[in-house]
Structures are given as structure tokens and as C-alpha cells.
Amino acid sequence: MASSSSDAAGAGRPGGSFRRPGDRVFSGLATGAGVTILALLAGVAIFLMIEAWPAITAPAEDIPGGEGLWHLIAPLAFGTVLGSLIAILLAVPMAIGVSLYITHFAPRRLSQTLGYIIDLLAAVPSIVYGLWGIAVLGPAAVGMHRWLAGNLGFIPFFEGPASATGRTMLVVGVVLGVMILPIITAVTREVFSQTPRAQIEAALALGATRWEMIRMTVLPFGKSAVIGGSMLGLGRALGETMAVTIILSVSGAVTLNLISSGNPSTIAANIALNFPESSGLAVNALIASGLALFAITLVVNMAARAVIYRSEQALR
Amino acid sequence: MSTASVASSARAPITHDSLPAWGPWAVVGGVLLAAVALGSATEVALGVLLLLGVVLSVGVVYVWSRAVEGSRRAKDRSVTIAVTASFLLAIAPLVSVLYTVLSRGLARFDAPFFTETARNVVGEGGGASHAIVGTLVITGVATLASVPIGIMAAIYLHEYGSGRLKKALTFFVDVMTGIPSIVAGLFAVALFVLFFGPGIRLGVMGAVALSVLMIPIVVRSTEEMLKIVPDGLREASYALGVPKWRTIVKVVLPTALAGIITGVMVAVARVIGETAPLLITTGVFSSMNSNPFDGRMSNLPVFAFNQYKFPGAIPEPYIDRAWAAALTLIVIVMTLSLAARLIYRRFGTDIR
Amino acid sequence: MSSAKSVEVSDLDLYYGSFHAVQNVNMTIQPNKVTALIGSSGCGKSTFLRSLNRMHELVHGARVEGSVILEGQDIYAPDVDPVAVRSQVGMVFQQPNPFPTMSIYENVAAGLRLNSRRMKKPAMDEIVERSLRGANLWEEVKNRLERAGSGLSGGQQQRLCIARAIAVEPEVLLMDEPCSALDPVATLAIEELIRELKVNYTIVIVTHNMQQASRASDITGFFNLEESGKPGRLVEIDETETIFSNPANKATEDYVTGRFG
Ligand SMILES: Nc1ncnc2c1ncn2[C@@H]1O[C@H](COP(=O)(O)OP(=O)(O)OP(=O)(O)O)[C@@H](O)[C@H]1O
Ligand SMILES: [Mg+2]
Numbered sequence: 001m002a003s004s005s006s007d008a009a010g011a012g013r014p015g016g017s018f019r020r021p022g023d024r025v026f027s028g029l030a031t032g033a034g035v036t037i038l039a040l041l042a043g044v045a046i047f048l049m050i051e052a053w054p055a056i057t058a059p060a061e062d063i064p065g066g067e068g069l070w071h072l073i074a075p076l077a078f079g080t081v082l083g084s085l086i087a088i089l090l091a092v093p094m095a096i097g098v099s100l101y102i103t104h105f106a107p108r109r110l111s112q113t114l115g116y117i118i119d120l121l122a123a124v125p126s127i128v129y130g131l132w133g134i135a136v137l138g139p140a141a142v143g144m145h146r147w148l149a150g151n152l153g154f155i156p157f158f159e160g161p162a163s164a165t166g167r168t169m170l171v172v173g174v175v176l177g178v179m180i181l182p183i184i185t186a187v188t189r190e191v192f193s194q195t196p197r198a199q200i201e202a203a204l205a206l207g208a209t210r211w212e213m214i215r216m217t218v219l220p221f222g223k224s225a226v227i228g229g230s231m232l233g234l235g236r237a238l239g240e241t242m243a244v245t246i247i248l249s250v251s252g253a254v255t256l257n258l259i260s261s262g263n264p265s266t267i268a269a270n271i272a273l274n275f276p277e278s279s280g281l282a283v284n285a286l287i288a289s290g291l292a293l294f295a296i297t298l299v300v301n302m303a304a305r306a307v308i309y310r311s312e313q314a315l316r
Numbered sequence: 317m318s319t320a321s322v323a324s325s326a327r328a329p330i331t332h333d334s335l336p337a338w339g340p341w342a343v344v345g346g347v348l349l350a351a352v353a354l355g356s357a358t359e360v361a362l363g364v365l366l367l368l369g370v371v372l373s374v375g376v377v378y379v380w381s382r383a384v385e386g387s388r389r390a391k392d393r394s395v396t397i398a399v400t401a402s403f404l405l406a407i408a409p410l411v412s413v414l415y416t417v418l419s420r421g422l423a424r425f426d427a428p429f430f431t432e433t434a435r436n437v438v439g440e441g442g443g444a445s446h447a448i449v450g451t452l453v454i455t456g457v458a459t460l461a462s463v464p465i466g467i468m469a470a471i472y473l474h475e476y477g478s479g480r481l482k483k484a485l486t487f488f489v490d491v492m493t494g495i496p497s498i499v500a501g502l503f504a505v506a507l508f509v510l511f512f513g514p515g516i517r518l519g520v521m522g523a524v525a526l527s528v529l530m531i532p533i534v535v536r537s538t539e540e541m542l543k544i545v546p547d548g549l550r551e552a553s554y555a556l557g558v559p560k561w562r563t564i565v566k567v568v569l570p571t572a573l574a575g576i577i578t579g580v581m582v583a584v585a586r587v588i589g590e591t592a593p594l595l596i597t598t599g600v601f602s603s604m605n606s607n608p609f610d611g612r613m614s615n616l617p618v619f620a621f622n623q624y625k626f627p628g629a630i631p632e633p634y635i636d637r638a639w640a641a642a643l644t645l646i647v648i649v650m651t652l653s654l655a656a657r658l659i660y661r662r663f664g665t666d667i668r
Numbered sequence: 669m670s671s672a673k674s675v676e677v678s679d680l681d682l683y684y685g686s687f688h689a690v691q692n693v694n695m696t697i698q699p700n701k702v703t704a705l706i707g708s709s710g711c712g713k714s715t716f717l718r719s720l721n722r723m724h725e726l727v728h729g730a731r732v733e734g735s736v737i738l739e740g741q742d743i744y745a746p747d748v749d750p751v752a753v754r755s756q757v758g759m760v761f762q763q764p765n766p767f768p769t770m771s772i773y774e775n776v777a778a779g780l781r782l783n784s785r786r787m788k789k790p791a792m793d794e795i796v797e798r799s800l801r802g803a804n805l806w807e808e809v810k811n812r813l814e815r816a817g818s819g820l821s822g823g824q825q826q827r828l829c830i831a832r833a834i835a836v837e838p839e840v841l842l843m844d845e846p847c848s849a850l851d852p853v854a855t856l857a858i859e860e861l862i863r864e865l866k867v868n869y870t871i872v873i874v875t876h877n878m879q880q881a882s883r884a885s886d887i888t889g890f891f892n893l894e895e896s897g898k899p900g901r902l903v904e905i906d907e908t909e910t911i912f913s914n915p916a917n918k919a920t921e922d923y924v925t926g927r928f929g
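Protein sequences appear in the order of chains G, E and H.
Once you know that position 91 of the first sequence is 91 in my numbering, the rest is easy, because the numbers rise by one and skip nothing.
Once you know that position 287 of the second sequence is 603 in my numbering, the rest is easy, because the numbers rise by one and skip nothing.
Once you know that position 256 of the third sequence is 924 in my numbering, the rest is easy, because the numbers rise by one and skip nothing.
Just so you know, the hints here were simulated from the structure itself, not pulled from any lab data.
In this text the structure is predicted, and so the values were computed from the model without any measurement.
Treat the hints with caution; some may be incorrect.
Using 25 Å as the maximum straight-line C-alpha spacing, the simulated DSS-like pairs for lysine-lysine come out as follows [to be verified]:
{"#": "1", "chain 1": "H", "residue 1": "810", "chain 2": "H", "residue 2": "788"}
{"#": "2", "chain 1": "E", "residue 1": "391", "chain 2": "G", "residue 2": "223"}
{"#": "3", "chain 1": "E", "residue 1": "391", "chain 2": "H", "residue 2": "789"}
Sample of chain H residues with no beta-carbon within 10 Å of chain E, all distances over it, derived [unchecked claim]:
{"#": "4", "residue": "700"}
{"#": "5", "residue": "717"}
{"#": "6", "residue": "728"}
{"#": "7", "residue": "774"}
{"#": "8", "residue": "812"}
{"#": "9", "residue": "818"}
{"#": "10", "residue": "819"}
{"#": "11", "residue": "851"}
{"#": "12", "residue": "861"}
{"#": "13", "residue": "863"}
{"#": "14", "residue": "895"}
{"#": "15", "residue": "918"}
Rough simulated footprint, nothing fancy, chain G against chain H, three-plus residues with beta-carbon under 8 Å [said to hold, decoys possible]:
{"#": "16", "stretch": "758 to 765"}
{"#": "17", "stretch": "829 to 838"}
Ideal Cβ placement from N, Cα and C applies to all residues, glycine included.
Use the sequences and the hints to build the structure in full.
Encoded structure:
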């Protein structure tokens, strides 16, 4: 569509390659804006690199903690990934369920409104989720934490001792899951609703129940969208800051124990907590950890986009 | 007959016994009521019991339906319940968040909150007017920077772009929507530190960080809106001899205007509650400062965070102020989202 | 092996919301015969056809009044399961619609897997082969059963869809303009197939092609629309020969001789 309209104006008009000055200026401005954005993204990488460099090259004992950058970042990366994995495990099945409900189960005239309600989840600022997590969800989950420690304590995740405040990795994972649910749902809902009518009717005409129809058509059709959407959600969960900063009670321990009060922090939360009081090389070290986070999320997001683009191409 | 045949087993009559229409819902309702009753009697959290209740009712309905209607219908029914439950479960946090923010935020949602600052406030009283002004200024500057760049880039992508630059830009704009907000903040820090030295805190640094987050949203939504402007409109204009740039400015943009405004409002709603990038760029400040180029600048999200994180000897007034700030944010964000939707409904539908 | 059945349609009225699409149809569809439905565009042939396997009600707001009796059982009775109806009344659509993510084999087996999940592999193989042979497709695909069904030509895809429909051994087979997306050679192949299939099935086929109706069908029903906005009606149904040589109704004669407005 884009190319057809530009052809219509460029080549189609009499005068061939002649372009009015107005056109030249305007298209120059538009192109300039595009280039600016690419430069901005490159700038993010470059400036982070410049400010992280002193920490990367500094001797290990000068880095906060005294054991070098790697020992600073690794436990944080562990915490980051752990919390995000819980979120993904919870949010992906939910997102599939929600998308199916909206596209194939809910009364048709409601489905748009229901989609909008799910989108509102994304509109709630993360600081509010953080306050909600520490004030409502955490305390409400204390009983369950105790139950898990008492009954499933043999599983490393629920080893305990159970936190008395609910400021645990498990609660953080749940809150992150809630936050990324609308992101995943937005992608999967769209694709589920585009399942070709002919496919759906073919399945139903064979005598499939609604669920069998979904298994035969909607889910295979939306598979890459589910993968791509989940990775987008993962990218968001990895970088989420405030909800973790507020909720998680941090000891720095590297542990799989999800329900105790001693948790690894995450890269983002560690920056938010320590940046305001840091100076000198500590700032560089925090920026270096931010650079690592940037690299991780960039890879995840690029992979997600590649998957989504491929699935969109396949639909054409 | 030796040939394999479906008919022998499956040629069942087309009539069948079925559960009464109220059956499955009665099961779900009964089990959930039991869960609520149990919840008030034990210390296990209600949410967990409801969750187990859903799982249990899926199981009960499956077994019952399987006995009466066979396994295919049983599976269909279980999935229906599970999918419906997952939707209700998904909006439960939204309801809880809104209820919590409203009930706790109203305590200090009063006139002084909007007229006074936190300057020299210890304990009760004080307000967040400085933070509100700061949020408006910072978000305003970010919007002023992002909207022209975002819209022009979208025009490039849809009206002019071709080849590798277009491909790269499309891809990286999408990738950019995934940049963690804290990284955007660090970028602003790294940029300004390089020119102004360490320790610098400015309102405009926050605006730069928010712009990084806003621009891709504006580009994407504007591009979507340009896509639904019919090509016929453009061609009609070219046919009259109107140059391309004037066609875009006078025909295409006005047609897509409602959608573009909607997109901008959604983008503003998305960044106005961002806390992390502002926490490390604008710093903490308890007095009024409306100049983004002059030192620390307060804003609502950071105000809420600090009141909650660092309460005084008597924490209640601080925590009340934090919730009031959260409520203010939610009101702003929800108003923006709803208004965006209404504008689009009211003015935007005729371009489809 | 499969028992063709008759279908008795009485006082059938079909609606889309408040729009009355088809009015008061009465007909008997005879077993082991091919019944062709003809009529101008928009007169409700597809709508009628889709009411015979309860696909009509899938459209939002669509309604059915009257009865469709399949071998003594009204398929619109309250205790009837539409899913069971559809597994006994198969359907082939205008556009070939194999499942794109499934292989040729899986496409044919798709319906079988629904009903007889625990069917053994050799038994399944046998039915797949029989259905593909029945659809005159076996020789062309027997060496590439694991390839995607969507990689076949249009005519092959349509025959694959027919194989998929007959694999579950329905009693009635509905076809809505099954040849309209195909070239003449593929069309003749499908017509040939239809004549073979009536040995085992009751077949109802919608077509715009007069020659096809006269070549392939035993009975022909003519639908017409008095004017647009009014519901379509069944004007006349009779032996195909009679409809094409000596119809009772003037409108039928005009239509089959090509004099329609
Ligand atoms: N999904 C629908 N919603 C509302 N009205 C419909 C729908 N499908 C068909 N109709 C209307 O019902 C009437 C009959 O349509 P139908 O598709 O049955 O015609 P047809 O005889 O099959 O035509 P054709 O030969 O073009 O396929 C038409 O007026 C059509 O506009
Ligand atoms: Mg039709």
C-alpha cells in the first residue's frame, strides 16, 4: 500500500523525476525523523557503553562487593530470570485462555469490550502494581506460603522458611505475570481472531466440538503468535523495575527458594534501589548491569519480533 | 466384515443424554461457595481456595459429563469452564487494584493534596502539587519531543520509505517498544553525565528517558492510522495536481487525525506512570520546581515511591500520601485511556 | 457398508436475524440419489444446504423453523446434538479448505480421530487409503501422504476435502458448488466421482452449472427469489430429466433455458 501510493505520486505525475522544493524538504524531514530514531537506539547502546566502560575495565576489588563485575551482575541476572520465568509460566496459559475466551467463547457483541478491559491491565502503572503487591497480594499470600512450606517443602522451590510478609519471589512472579498478561494477550487475541472462517467451518462440518475445532484450527494457526507474544512478555518481565523494587525482600542470596524472605534481587530493581545513593565507580557498575539487561532484553525482543514477523508472513 | 469401519462403533444416534443446562454452572457455583465458606474458616488465602475450587469443579463436571455424555462433550465442557475462569481470574487483579487504590487513596485525596507541597512536611499534612506539576511538565516536554519525531517517522515509513532503511526502521521501532524503562533512564543519565558531569539531576533528563519509551508507541499507532486512510483519497488529491507533501499535510493527516491523537494519548498514558527512569534522572525534591532545566524535580510516581519506601516515625500519613498519589495517577491514566477510546469511537470510525 | 439415508424437509424457514432468507421448503431427499439444487445467486441455496447439517446456526443471529428429518429423527429436536448431526451429514465447501498445518494423511484422518481416538494404525491406514481411493486421489498422492495438504493443486485439494468428508462415512454428503474453483478437467473428475459416490451416499449438490446438474444429478430442485429482499423459495423439484425438458413452472423453464433476469 505504501509503495503504491509513493509510486502514484513520484513516477505517475508528469515531470518525472522533478520534485518540488516543498516535497524535498518534507520527505527530508520524514526521513530525518526515521534516521533520528535509529540513531537514538544506537545512542542508547553507545552512551551506556561509554559510561559502563570504567566499570568493565576496573580491577575487581574496586567494584562494589570487591569481587568484580561478574560477581555483581550474575546473582542479579539469576534473580531477573527466575522472577520472569515464574511470570511467563503463569501468564502464557492464562493469556491463551483469555484470548480464546474473548475470540471464541464470549458473546460476540461483548468481545471488543472484554478485550478493552484486559488492555486496561496494561494501563495500570507499575508503581501501583508494586504498592498493590506489597499491601494486598503479599499479605494475602502468607497463608499459602506457610501451607506450601509445610506440605510441599521437599520441593526446593518451597523449601521455606515461609516469609511472614509475602515479600517473596513467588509474589513478585505473580505480579509480573499480571503485568505481562495483557501484552501476550494483545498478540494472541489478534491472531486467534484471524483464524480463517473456512478452516473453522471445515472442522465443525466434520463433527468437531468447539474445543476440537480450536485444537484443529485456532491453536495450530496461532502457534507462532503465542511464542512471539510470550517472548515479548518475557522481555517486559525481565526489565520490570518498580514492582520488584517495592515488593521483593532482598538478601542477595542465589537460591531457588521462592517463598522465603531471602531473595536474589533483579538487575532493574538493584539499579533503582542503589542508584540514588551511588557515586563514582558504583554508578558505572550499575550502568554496566543496565547494559547487560539491555542486551538481554534486546535479544529476547528481536527474537520475538522475528517470530511474529515470520508468522505474519506465513498468513499472507 | 473385515474392513475397518468407523460406523460400527460411532454410528450412534444423533440424540443423546445431556446434562441439564444449569448443571455445570451449579457445580461451579456450589464448589466456589464452599471455597468461600472454607476461606472464612481457615487461614489459607481465599484466592488460592477459589483457584482450587475452579480446578475441582472442572474435574467434577468432567466426570459427570463423561458418565452422561461421553468424553468428547466432557472435554468440551471442561475447557469452556477453564477458559471462562481464566478470563475472570485475569480481571480479578484489575478489580482488586482499582478497589485498593480507591479505598486507600481517598483518605488524602483532598484539597491540600492538590494545593500544597511536601516542603518541610513531617508527619501529617502537606500535598503533592509539586509532584503533579513536575509530572505534567516532564511528560509534556517528553510529548513535545516525541510526537513530531514519531509522526514524521511514521509518515516516512508509510508514505516515503522503501528498501533497507524502511525495513530496519520498522523492525527496530518494534524492538524499541521492548526497551526496559530503567534502561531508558540509564541512557538519559549516561548522556547527561557525559556533558554535565556526575550527579546531575534534571527534569529534562526524565523527559529524555520518557521520550525513548514514547517514540516507538507514537510511530506504531500513527503508522496504523495512516494505513487505513484509503489510497483513493491520496490519488484524488494527486489528480488535482496537489504536490505529495501538501496531500499528506492537507488530506492524509486530517483524515487520520482522530486516530493519531488517540495513539498519542495512549502513549502519554503509558509513560506518565513510569517511575524507574524518573527515580534515577529527576531525583527527589519536596518543593515546587517547574523548570525542567533547573535541578531536581518531583513527580507523582517517584513521590508515591518515596513516601511509601521512606516513611517517617509515624508511617501512616506517608503511606496515605503514597496511595493518594497512586490514585491520582490511576485517575489520570484511566481518563486518558477512556478519552482516547471515546475520541476514536466518535471521530475515528468513518475512516475504516 | 455405509447406509445412505433419506432426508425429509418440512415447512422449513431460515432466517438471518430479522432477514427471512428461505421460506417454507418442503422436499424429500432420496437415498442413493444425487439431488442438485439450482437457482440464481442469493436465492438461498447455500443457506438451505447449511441447514441440513446444522451449520446455519453458526452464523450470529441465525434461526431455523420447521423440521429436517434424517431417517425418522428430526435433527432440530431439542435433545439432538448438532455435533453428532454434522458427523453424519458431511459437507464439502465451495473453496477447497484442507487444514493447512496437517499432512494429506492427517487431513483425511482428522474426522476419524475425533470419533475413534484409539483406532489402531493399520485400521486407520486402511480407511485413509479407502477414502482417498473413493475420492479418486489415491494414485496421485500415495507416495506423498506426509506432505502438506495445502501443497496440492486446487482440484486435488477439493478431492482431498471429499476424501476427508467420506472418511467418517456420513449418511448424507452436502456439496456447495464444489467445482466452482476448478478447471473443466478437474470438474469432470469430480462429477465422475459424484456418480460413483451415490452408490453409498445420499448426495445434495448446489451448482450454477446447468450441464453439471443435468450430467451428474438424478433429481433437481429449483430455488427462486420473487424479488430481492424477499425470501427464496423452492419452486419445483422433480426428476432431473423432467426439470430440464418439461418443467411444470414457467420460472423454472426460463431459468434452465437461460432466460432469467
Ligand atoms: N451470514 C449471513 N448473514 C446475513 N445474511 C446472509 C448471510 N449469508 C447469506 N445471507 C443472505 O441470505 C440470502 C441467501 O444467501 P445464500 O448464500 O444462501 O445464497 P445462494 O443461493 O447460495 O447464492 P450463491 O449462488 O451466490 O451462492 C442472501 O440474500 C444473502 O445476502
Ligand atoms: Mg451459495
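Here is how each hint holds up against the structure:
no.: 1; hint: H:810 / H:788; in the structure: holds (20 Å)
no.: 2; hint: E:391 / G:223; in the structure: holds (21 Å)
no.: 3; hint: E:391 / H:789; in the structure: holds (24 Å)
no.: 4; hint: 700; in the structure: holds (16 Å)
no.: 5; hint: 717; in the structure: holds (18 Å)
no.: 6; hint: 728; in the structure: holds (18 Å)
no.: 7; hint: 774; in the structure: holds (16 Å)
no.: 8; hint: 812; in the structure: holds (23 Å)
no.: 9; hint: 818; in the structure: holds (25 Å)
no.: 10; hint: 819; in the structure: holds (27 Å)
no.: 11; hint: 851; in the structure: holds (33 Å)
no.: 12; hint: 861; in the structure: holds (20 Å)
no.: 13; hint: 863; in the structure: holds (22 Å)
no.: 14; hint: 895; in the structure: holds (32 Å)
no.: 15; hint: 918; in the structure: holds (40 Å)
no.: 16; hint: 758 to 765; in the structure: holds (count 5)
no.: 17; hint: 829 to 838; in the structure: holds (count 4)
Checked against the numbered hints above, the structure breaks none of them.
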